[in-house]
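Those protein sequences? They're chains G and C, same order as listed. So in my numbering, spot 24 of the first sequence is number 24, and the numbers just go up one at a time. So in my numbering, spot 14 of the second sequence is number 14, and the numbers just go up one at a time.
Since the hints were made in silico from the structure, they are not lab data. All clues given are correct.
Pairs involving identical chains hold if they fit within one copy or between any two copies, as the list cannot separate such chains.
With a cut-off of at most 20 Å between alpha-carbon atoms, the simulated DMTMM-like pairs for lysine to aspartate or glutamate come out as follows:
{"#": "1", "residue 1": "LYS3", "residue 2": "GLU68"}
{"#": "2", "residue 1": "LYS9", "residue 2": "GLU71"}
{"#": "3", "residue 1": "LYS79", "residue 2": "GLU46"}
{"#": "4", "residue 1": "LYS84", "residue 2": "ASP61"}
{"#": "5", "residue 1": "LYS3", "residue 2": "GLU47"}
{"#": "6", "residue 1": "LYS55", "residue 2": "GLU73"}
{"#": "7", "residue 1": "LYS3", "residue 2": "ASP64"}
{"#": "8", "residue 1": "LYS3", "residue 2": "ASP61"}
{"#": "9", "residue 1": "LYS18", "residue 2": "GLU90"}
{"#": "10", "residue 1": "LYS84", "residue 2": "GLU46"}
{"#": "11", "residue 1": "LYS3", "residue 2": "ASP26"}
Number of protein chains: 2
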Amino acid sequence: MDKVNLTEKLALIGEHWKPHLVAELDGYDVKLVRIKGDFVWHKHDEEDELFFVVKGGFRMDFRDRQVELGEGELIVVPKGVEHKPFAEEECQVMLLERRGVINTGDAPAGELTRQTTPRI
Amino acid sequence: MDKVNLTEKLALIGEHWKPHLVAELDGYDVKLVRIKGDFVWHKHDEEDELFFVVKGGFRMDFRDRQVELGEGELIVVPKGVEHKPFAEEECQVMLLERRGVINTGDAPAGELTRQTTPRI
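The following block holds chain G by itself, in its conformation from the complex (with noise of 0.2 Å):
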């Protein structure tokens, strides 16, 4: 039952587009991540996902249109549907989703892929 201060869990993290575990609720983890630059197009097709920006911006591309989201924002990605975050400057942002999601979803496994989400 500690909080979590989020920006100062994010300074614990080095790499881009690696989520790490910080808080757990239910069947569902909270992740903090850095991103930057452009991820690759996936969906869940069983969970959805939540993007919260922390610090920054960053847009949702989808196959029929983009969502631009700033500091304050979140956006709900429905199972199913195929999306690719892309951020011009890095952004940091919380993410809400049921415990073990992978974060490429049904893209082939590649250099972006995280099979495992540390705690910090």
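Following the hints, put chain C in place on chain G, whose structure we already have.
Chain C only, in chain G's frame:
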């Protein structure tokens, strides 16, 4: 798949201690609430509950300790743990909890109990 700007949504809320729904993730609700003063002691027997401070600060009282939370900080109250939020000055909070949770948990329904969660 619209984004949610927390500050804009919070500006639509008048009443204290009345959560409003802004997004859904699988079977979970993302809610916003403005709090001020003392809530009631309660627990949720089956659900963890996440509190994230968007603006201001508040104190989470547990039976054996108190945790002060400021902007950008979160805490997860595990299922079954008695707690009571207290905000000396108004505080804006994002909540995450399983759909259907009643805000006053196991406490007798009273003037702070909200049976419905309007969507904004």
